[in-house]
Amino acid sequence: MSAVRGEGTPWRAALPFARIGFLNMLAFRARYYVGVLTYLFNVAVYYFIWRAVFRQGGSVAGMTLEDMVTYVAVGWAIRSFYFNEIDRELGTQVQEGKLAMNLIRPVDFQTVMIADAAGQSAFRAVLFTIPIAIVLALVFPLKPPASPLAALLFLVSATLSFFLVAALNFLVGLVAIRSKSILGILRAKYLVFELLSGLLIPTTLFPQPLRSILFASPFPHINFTPAALYLGQAAGTRALGLLALQAGWTAGLLALGQYAWRRSRRRITIQGG
Amino acid sequence: MLYFSQYAKARLEYRLDFFSSVFASFLGTAAAFGFLLIVFSRVPAVHGWTFEEMVFLYGFSLIPLGIFNVLSWNLYLFSDRYLIEGRFDRVLVRPVNSIFQVLFEAFRLESLQESVTGIAAVVWASRKMGLSFSAPDVVLFVLWTFCGAAIYLAIFIGLTATSFWIEDRIGIVPPVFNLMQFGRYPLTIYDGWIRFTLSFVIPFAFASFYPVVHFLKRGEFAREFWAVPLIAAACLAIAWTIWDRGVRRYHSTGS
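Just so you know, the sequences run in chain order A and B. Start counting the first sequence at 1; every next residue gets the next number (our numbering). Start counting the second sequence at 1; every next residue gets the next number (our numbering).
In case anyone wonders, no lab produced these hints; they're calculated from the structure. Do not rely on the hints blindly, as some may be mistaken.
[As the list claims (entries may be wrong)] Cβ pair distances, simulated, as ranges:
hint, chain 1, residue 1, chain 2, residue 2, range
1, B, 247, A, 260, 42 to 50 Å
2, B, 238, A, 213, 43 to 51 Å
3, B, 226, A, 96, 48 to 56 Å
Here a beta-carbon is modelled for each residue, glycine too, at the ideal position from N, C-alpha and C.
Whenever a hint applies, use it, and build me the whole structure from the sequences.
Right, dumping it as structure tokens:
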């Protein structure tokens with residue numbers, strides 16, 4: 001986190017970039033109306049699957065059908081918020097040679113990329129996530145947050161998810177720019193992340209030892225952690241522990257991205273020189 | 001065919017890059033099977049469908065999808081590449097039908113992986129269930145796979161052709177593309193209006209679900225199974241008409 005917020009000045013310098021990101025979103029409005037429909041379809045598929053699974057009632061891993069549907073809907077709703085394309089953006093900049101512009105700017109590159117994505121996510125939260133959440137709540141039988149505290153923890157966690165995904169995408173982008181078929185890699189990344197983050201299926205349902213391995217990775221914190229906090233599956237110190245772990249991974253991966261960028265930047269400069 | 005081998009040669013020039021994109025594409029497919037595996041590690045059957053039957057259905061749906069994905073690359077880029085950049089002029093002066101040129105000028109080769117993985121899944125599931133196929137069954141299987149690919153292609157050609165009228169870069173393609181995933185699971189788990197949509201509005205169910213029910217010998221939906229070629233032909237005819245009208249309406253961007 002410190003790379004983005006802690007140092008006051010770079011964050012303020014980054015604000016115009018966030019504003020541009022927001023305005024760029026406005027220019028492509030049509031995409032987002034279509035997007036609402038797409039999210040509705042995505043939740044619908046999993047709603048019907050889970051309804052079929054729970055046909056005889058009962059619970060799976062301590063979750064009822066209502067819990068499961070809420071989990072799925074909350075997951076896709078926050079995905080509409082934390083989603084960003086930093087990795088693809090990075091790839092395009094390299095291919096089109098725009099990266100040089102970013103090298104001469106006096107603002108840290110990772111901060112610029114994440115601030116731009118933050119602007120887009122702010123736009124999404126207002127004009128995308130909230131309408132999606134309302135539509136989903138009208139169409140599917142969803143539960144409200146377990147408690148006001150759960151709602152608050154959920155909001156904090158969902159915000160952290162954005163920074164976590166941004167940090168991961170920045171790293172993925174740095175790796176992907178070495179390949180010529182960035183788009184193929186990124187398409188696969190979406191599908192793999194959807195499974196590992198707990199978006200498609202709660203991480204607690206994975207069989208052992210996969211479950212333990214996953215919980216020792218940053219992935220469940222993208223989606224499982226905020227959704228579990230919403231449902232009140234973790235409360236009190238356990239909830240705070242989860243949040244701390246999520247924040248820890250986020251800070252660690254942001255720092256790693258910073259380090260990896262410094263290293264590959266040196267190489268890029270030599271190539272261009 | 002000539003177009004295809006030329007493109008394949010060009011792609012294979014960058015061998016390592018090609019294999020890494022095949023691998024990435026495979027990881028994505030594997031993640032989708034992972035979902036099924038985890039759900040069924042918790043429950044024995046979903047709506048009367050066993051794990052093996054679901055793998056068969058999912059695998060079968062991947063075979064026409066793979067063929068479609070290999071060919072459809074240019075459909076996504078059509079409005080940008082051909083209409084806005086004006087490449088369509090060049091297409092029109094050539095003696096080959098415009099839609100074939102557009103489909104065959106770029107391929108997403110790595111998506112062949114999906115068909116191969118799908119066949120592997122179908123074979124695995126059939127063995128596991130002790131299903132045996134007679135020679136006519138195999139012929140039907142192959143034919144119905146191509147009908148499925150034709151249905152997918154026709155629907156997206158029809159949608160792409162709308163860009164002759166509407167200058168909308170995003171269009172209606174992504175949500176329809178997302179509708180495809182409904183075809184990977186038993187149609188019977190959905191509510192009536194979704195079943196209706198998938199059968200009669202955007203007939204994805206004819207590309208995966210109805211064929212599979214027959215091959216699994218479940219004894220349902222026999223009528224729909226035999227209607228598959230008719231539906232495929234109807235879709236192609238509609239797509240062809242829309243495309244043709246669009247081409248006649250086309251005016252070059254100039255320059």
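Practice item. Sort out which numbered hints this structure fails and list those numbers smallest first. Key: none
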